[in-house]
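Peer 1: Same order as they appear, the protein sequences are chains A and B.
Using full-length UniProt numbering, the first residue of the first sequence is number 1, and each one after it goes up by one.
Using full-length UniProt numbering, the first residue of the second sequence is number 1, and each one after it goes up by one.
Derived from the structure by calculation, the hints contain no laboratory data.
For each residue, glycine too, the CB sits at the ideal point set by N, CA and C.
A hint or two may mislead.
[As the list claims (entries may be wrong)] Using 20 Å as the maximum straight-line C-alpha spacing, the simulated EDC-like pairs for lysine to aspartate or glutamate come out as follows: (1) K237(B) - D326(B); (2) K359(A) - D400(A); (3) K269(A) - D285(A); (4) K350(B) - E360(A); (5) K350(B) - E407(A); (6) K196(A) - E175(A).
[Stated by the list, open to error] Ranges of calculated distance between the beta carbons of each label pair, as one might list FRET restraints: (7) N379(A) - A98(B): 53 to 61 Å; (8) V384(B) - Q398(A): 55 to 63 Å; (9) V286(B) - S342(A): 19 to 27 Å; (10) G304(A) - V384(B): 50 to 58 Å; (11) N379(A) - V51(B): 53 to 61 Å; (12) I402(B) - S342(A): 51 to 59 Å; (13) V286(B) - D328(A): 29 to 37 Å.
Now for the letters of each chain:
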Amino acid sequence: MRGITKRFGDLVANDHIDITVEPGEVHALLGENGAGKSTLMNQLYGLLQPDEGEILVDGEAKVFRSPRDAIAAGIGMVHQHFMLVPVFTVAENIALGAEDVRGGPLGILDRRRNRRDVLETSRKYGLPIDPDALVENLPVGAQQRVEIVKALTREVDLLILDEPTAVLTPQETDELLGVMRSLAETGKSIVFITHKLREVKAVADRITVIRRGRTVAPSNHPAAALDRTEGSAFSPDTSEDELAALMVGRDVNLEVTKTPSEPGREVLKISGLVVDDDRGVRAVDGIDLTVRAGEVLGVAGVQGNGQTELVEAIMGLRGIRAGAMELDNESLAGMGTKKILSAGVGYIPEDRSLDGVVKEFSVAENLVLDMYDRPPFGNAFKLNPKAINESARERVTQFDIRTSSAEHAVSTLSGGNQQKVVVAREMSRPLRLMIASQPTRGVDVGSIEFIHNQIIHERDSGTAVLVVSSELEEVCGLADRVAVMYRGRILAVVSPDTPREEIGLLMAGATSPAQASPDAAQEAAAQEEESE
Amino acid sequence: MSTDVAETPAKPAPPQKEDSFLSLFLKNLWSANTVTVTFLSIFLALVIGAVLIVISDSEVLSKFSYFTARPSDALNSSWDLISQAYSDLFKGAIFDPAAFQAWFDGTGTWQAAFGPISETLTYATPLVFTGLSVAIAFRGGLFNIGGQGQAVIGCVLGGVAGFAFSLPAGIHLIVALLFGLIGGALWGFLPGLLKARTGAHEVITTIMLNYVATLFLGWLILQKGVQDPNRSDAISKAIKSTAELPALPSPLRVHLGIVLAVLVTAGVAWLINRSSFGFELRAVGVNPPAAKTAGMSVAKTYTLLMVVAGGLAGLGGAVQVLGTADKLTAQVAGNIGFDGLLVALLGRNKPWGTLLAAILYGALRAGGNLMQVDVGISLELVTVLQALIVIFIAAPALVKAIFHLRAARSARLGTSLAKGW
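If we strip away everything but chain A, and leave its shape as in the complex, we get (with noise of 0.2 Å):
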């Protein structure tokens, strides 16, 4: 692509830009949230057309007027949401607009030959999918290899993943880059939008870095390492600390600076708890947890092993079968969520854009969404806009909310903006307690850092933090305690300088054998492979 540029009124989405992808080559698209990443890849795969540039395929000027004549090219595209009919199996989806009928236009579909179509490629590129699932009924991680040997069905040379791994879990993201790899060895192209680190330096040959439009050429950063014969990609030796400030323009700091923790009373003491999931299946299991003023106590595992239905338990979202949860010696249970809320318990839920925000409503009143009935900015009956308002403002520029105004929706906002949205607001009453569950999922690297001080500076003002997180680097950055959870149950409470391959092993449940079934093993080797 060159020269690449596009323009939605005023904004410059994608500023002239160039980028060359070679043959059997992961290629790592690295930004922050809002940089132009995804535009640049819609240009590519004809979902938006370039106002100015163009695009080559092997040398080829293109113009792609639709995903059908890029598809036609040989370029296919992974949506980070999915495009499956849920009720269809996996294999009526993979035909999905490119049916095998026999017959004539208005001939039978020819299922047999689907299925086979897609079993073949499944075999061929190492990507085991049951053809006759239903699509809903397949966790996340099948859904997206579902999507994956859709676009090599329709036989393409070049795959664009648009943040594949923002909806997986480790396992499934290690899955996920290995298939990468495979592809790339077998000669497809890969380009993998992301702004993970982590999984850049893992599976990447080269990286593009882009950021407000423009690609950050290597020439203008000596001390990152380059490789000038490659255009303006970085090789993947460059250290995760320069990309991150590639991303960004400025240095940042991805550990976290703490001081030692000076932990005081229990604030929050659970015991025996036992909670069951939506489907009624036991989702925890008898866990015994306390959480001391000034400490950050983190709850470490794979997403999915009950820490959601643990923290929605504690917040009376949600109810409990045995046990007692305790709140400075008052009983949190059949407490009530709004109770619970104005009791001095701070909560950032996990999925901030269906339970943190109202993307509807302005940044004011997502701002006040739980303290709306309380003073100063209201009453049981009526609102005190003035007071809504005032404060918004205030707390806008305290959190380095980026928005051009309090009145704007919030849907308006990018990722990060939004979640610095809800810990404002939570972090800007009197707290006891604070909860926050996933706090820098989708979250652009400027803000995760500043999410973490927040989060440490609630701490060293004396609030019991419970953080949970499916990062273990988040987790073992943030926490003083860190709790493995697997299964329901906490395998172990350890300190956060205890090796990452240990915790690892105790998030796929290996210190317990006996609980271990055939593919907690597995899980575990996966973990000992991302480890090496």
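Given the coordinates of chain A, assemble chain B onto it according to the supplied hints.
Peer 2: Just chain B, lined up with the frame of chain A:
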């Protein structure tokens, strides 16, 4: 890290040349904002309506058979018919210059001059209430199809209180209105509670309660003590004058209900935008999980919201009986509940928008009466016009494509009511 990398924060974009007010106004006028689309929808409906008027008139249509020989015949007579029909629509709904002239000359009365606008407001009044009922429910994420049933119950309780009690004037009226309000609120509370407790979809339950309410009314007005003893058909005793909404002198029909409607609109606007309950209902309306996470009770909000929505529709029913109808008949509530759905859609579920939409509906109805009398175009054409307007409003993309409107910057032109399912 090299200092080259550290870049100063992006300079603020150079201040843009301020557009003049006029050019900004024109730019926004031609963007696909809600106001533009609404007006263009009305315009399109009138254009299609014109075609229908010509087609439905056999005399004019016959002139089209020799169109190629003398096109002026067909075109002139079509134009005459259409302009006559639409000017009648205007005269019947807003004002008739001839009547004003007559009033100034002393040959006519002021009542005749203000007759059209009085008719418009009379038809609009109950629709404001039922429209607000649908609109507020929708803002809270509920699709209140039950406006009709709630209005019918409002008619029944308001009407019965109007003829069964003997109270001083004024107090009697207030009591009767309150009865209508409470009746509608109860009729809304039931589906609200069912939704909150069991998850029963409010569309199903409110539709069923519409039947219950309508059939109950049909049964009630034949009962002893309710039925007018001097009549053998299904008609109730007349409302006592102490419970009637004060109206302008006859033949003008407009009554105090329209003032009440404006006040209630202001109240609903305050409730939605400025009250704590309004904050809750708006949050629940667009994102129930986030509302729950923020400590709000989604179930409580749904129940209370349906009580409020039902109360509004019930009040509309009571106003209809106490202001216009004066007695209960099987058709006393007409179609006000269902028209309320369309009025709310046309008003984009905003209180003041709903008020304006109700007045437009009233105007079409009042003007349609004259059109029917004068040109002989059936009143059904007005219904067709109303339907066309709603169809265009519900499909903004169509209007945008027809007029090549540019996409509005922030106006979200979702198919507002269609999303309710």
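Peer 1: Does each hint hold? Answer for all of them.
Peer 2: Comparing the hints with the structure gives:
1. Our distance criterion of 20 Å between C-alpha atoms is met by K237(B) and D326(B), whose separation comes to about 9 Å.
2. Using a Cα cut-off of 20 Å, the hinted pair K359(A) and D400(A) holds, with the two alpha carbons roughly 19 Å apart.
3. For the hint linking K269(A) to D285(A), the alpha-carbon distance of about 16 Å falls within 20 Å, and the restraint holds.
4. Distance restraint check for K350(B) and E360(A): the Cα-Cα separation of roughly 15 Å lies within the 20 Å cut-off, and the hinted pair is therefore satisfied.
5. The hinted pair formed by K350(B) and E407(A) meets the criterion: a straight-line CA distance of about 19 Å does not exceed 20 Å.
6. Our distance criterion of 20 Å between C-alpha atoms is met by K196(A) and E175(A), whose separation comes to about 16 Å.
7. At roughly 57 Å, the beta-carbon separation of N379(A) and A98(B) lies within the given 53 to 61 Å, and the hint holds.
8. Restraint check, V384(B) to Q398(A): a C-beta distance of roughly 58 Å satisfies the suggested window 55 to 63 Å.
9. Evaluation of the 19 to 27 Å hint for V286(B) and S342(A) yields a pass: the beta carbon distance comes to about 23 Å.
10. Look at G304(A) against V384(B): about 56 Å separates their beta carbons, and that is inside 50 to 58 Å.
11. The hinted window of 53 to 61 Å between N379(A) and V51(B) holds, with their beta carbons roughly 57 Å apart.
12. The given range of 51 to 59 Å is respected by I402(B) and S342(A), whose C-beta atoms sit roughly 53 Å from each other.
13. As the Cβ distance of V286(B) to D328(A) is approximately 35 Å, the hint placing it in 29 to 37 Å holds.
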